[in-house]
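Engineer: Given next are the chains, with one letter for each unit.
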Amino acid sequence: MAQTVFAPWDDPQAKPLIQFKNVTKRFGDFTAIENLTQDIYEREFFALLGPSGCGKTTLMRMLAGFENTSEGQILIAGQDMANVPPNKRAVNMMFQSYALFPHLSIWENIAFGLKREGKPKDQIAARVDEMLRLTRLEKFAMRKPHQISGGQRQRVALARSLAKAPKLLLLDEPLGALDKKLRQDTQFELMDIQEKTGTTFVIVTHDQEEAMTVSSRVAVMDEGQIIQVATPAQIYEAPNSVYVADFIGDVNIIDGVATPEGDAYHIAWAEGQAPFTAKTATRFSEGQRCYLAIRPEKVGISADRPADMANAVQGQIIDIAYLGNISTYHVKLANGQMMKAQTANTRRLSRRSFTWEDRVWLSWTDTAAVVLEN
Amino acid sequence: MRRFILIAVPFIWLMALFLVPFAIVLKISLSDIALSIPPYTPQLDLTEGWAGIKAFFAELDFENYVFLTQDQLYWKAYVSSLQIALISTILTLLVGYPIAYGMAQAPDEWRATLLLLVILPFWTSFLIRVYSWMGILSNEGFLNQFLLWTGLISTPLVILNTNTAVYIGIVYTYLPFMILPIYAALEKMDGSLLEAAEDLGCSRLTAFWLVTIPLSKSGIIAGCFLVFIPALGEFVIPSLLGGSDTLMIGKVLWEEFFSNRDWPVASAVAVILLLILIIPIVLFQRNEQKQREMDQ
Ligand SMILES: Nc1ncnc2c1ncn2[C@@H]1O[C@H](COP(=O)(O)OP(=O)(O)O)[C@@H](O)[C@H]1O
Ligand SMILES: [Mg+2]
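Here the protein sequences come in this chain order: A and B. Everything in the first sequence is counted per the working numbering, starting at -17 for the first residue and increasing by one. Everything in the second sequence is counted per the working numbering, starting at 379 for the first residue and increasing by one.
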């Protein structure tokens, strides 16, 4: 059997596990979530990405049952959640503050939810030990939360929320306090757990790399609204707005005016400079304002003008950021605009072709840039 | 040197205000009653030098302690005091916990006011407040008048000069000592812990039982000791509100000192009371110590 791509959101038959229907949440006269409609499917790894204060935690708390909606409906597995208390939902949440019980040992913290289900003792013990192994906390089982480090506490919180094997697991910035190595390991473990258990994950993260690594879809939020939802690749390659393009990864934004020209557009960006050419599916009218978004790694850098590129522009190298595997060149164009170009460092540093103050040509194809309306 | 001074200050304080008076009381408890001023012998006479000191110590004995075991009054008074202190402590806890809980749940801007209200009674004299309870509880007092007026009762309730009045008095007087430590424990509790408990399948009530109560345990223990310890030796409340059958060691102590002028026996009673109190005081200290370690 051929491996089918996991994309239930493209399947009109698929039943979503979670449905937000025109959900609004107000605190007093402050609107934290504004008229939000979104489906999340079973087995998804759904990442919420956005600046601090944009309503990510509020969204999670509504799913867990700690906040009511001010307007609209939330359905989980088709059931309206309006009057279902947190303890009656097959949902577990890992709290941003961990919320570990200080009077209980690590072992008892993890066992807490299992004991409430009234499972037999040996089953509880087996499950707790499994969780301890998974999060590499065996050695600390008998310690109290105040006797372990921040990163270890975070793992306890994770283990505790995983222990009950919930249908839906909410992770509020679960890996923030871990160092890079452990974070990557835990990310893969999360994906592994997800594959094994079929749990649906909704994860809040600050770290876009993390969102890209683990998630099936990413939702980029701003001020209580979801700006775009798409797979990590789509979000990166085809952001729907300057906000999203800027939020995910590094990007050059060029402000210009579009003129239709055959199957492409000419985009005038500075007086006395040749316009750029870009192909896009979006329609622009003559003279409409637009933004070109170009990822630095799609911009070539060369000493001479390349003959076969649709766009080429000259500038001067102001700064070079050496990152080991890649280098980013900061180039100043004639109108003062800064552009970044990235190249892979396949050669040794000493043989690098360009240096500060060099005049260079930047170039990219007519499909490299995304043309955005706002 | 600086460290020495730092330690010396509380040490001298302790010496002057506890150890020296205690040594004096202990000494009196080992003396004999006498018709003199002060009303006991021997007196230490340093003019006779070494022989005087020797004679002084030769005269001290444990007679008074033996006497305490022979007269039923004393051990009955101790047991009765322990019982009254214990019951009052439990009653104070039952009244104080909900108040402390309510205060901790109240909106931030209310808390300072509520705290002030709890402490407010301390602004008037303790004695006056106990006297006013006599006015409330007596047969013609406010409480009975009110109950008669509502028709709930047809003859006045006898409350004053019974153990009930003593309980009311102790609960009323020591309530702030119960509320404050419990409130302090509840107030610093992180609300997300209750959410986490609910998230993991607890109802509100089980979450309260499994999280709130254990996390306020140190406050409960501190509050109970702060009520139990002074209530055990309480003298004013049983004298003013209690009846002739209210037997408390504080009252016995007072009578020995002032009615019988038997300082040696009274001192022995006091020393025994102190020994009884050492146990809860040590437990209280251990609780505080443990809490400090948790908070670090
Ligand atoms: N209980 C509350 N009362 C009032 N305002 C709140 C409350 N909870 C959250 N907010 C506000 O809602 C907004 C979104 O918060 P939150 O969901 O925590 O953001 P984040 O995306 O950083 O997790 C913030 O501006 C916050 O101040
Ligand atoms: Mg948050």
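Note that these hints are calculated values from the structure, not bench results. One thing to keep in mind: the hints can contain errors.
As the list claims (entries may be wrong) - Covered stretches of chain A, going by a simulated chain B footprint (3 or more residues, C-beta under 8 Å):
hint, segment
1, 8 to 18
2, 94 to 104
Claimed, not checked - Pairs of lysine-lysine residues, derived as PhoX-like cross-links and limited to a Cα-Cα distance of at most 20 Å, are as follows:
hint, chain 1, residue 1, chain 2, residue 2
3, B, Lys454, A, Lys126
4, B, Lys668, B, Lys454
5, A, Lys126, B, Lys629
6, A, Lys126, B, Lys595
Where is the CB? At the ideal position from N, CA and C, for every residue including glycine.
Engineer: Take the hints in turn and mark each one as holding or not.
Structural biologist: Quick rundown of the hints versus the structure:
no.	hint	result
1	8 to 18	violated (count 0)
2	94 to 104	holds (count 4)
3	B:Lys454 / A:Lys126	violated, 45 Å
4	B:Lys668 / B:Lys454	violated, 35 Å
5	A:Lys126 / B:Lys629	violated, 47 Å
6	A:Lys126 / B:Lys595	holds, 16 Å
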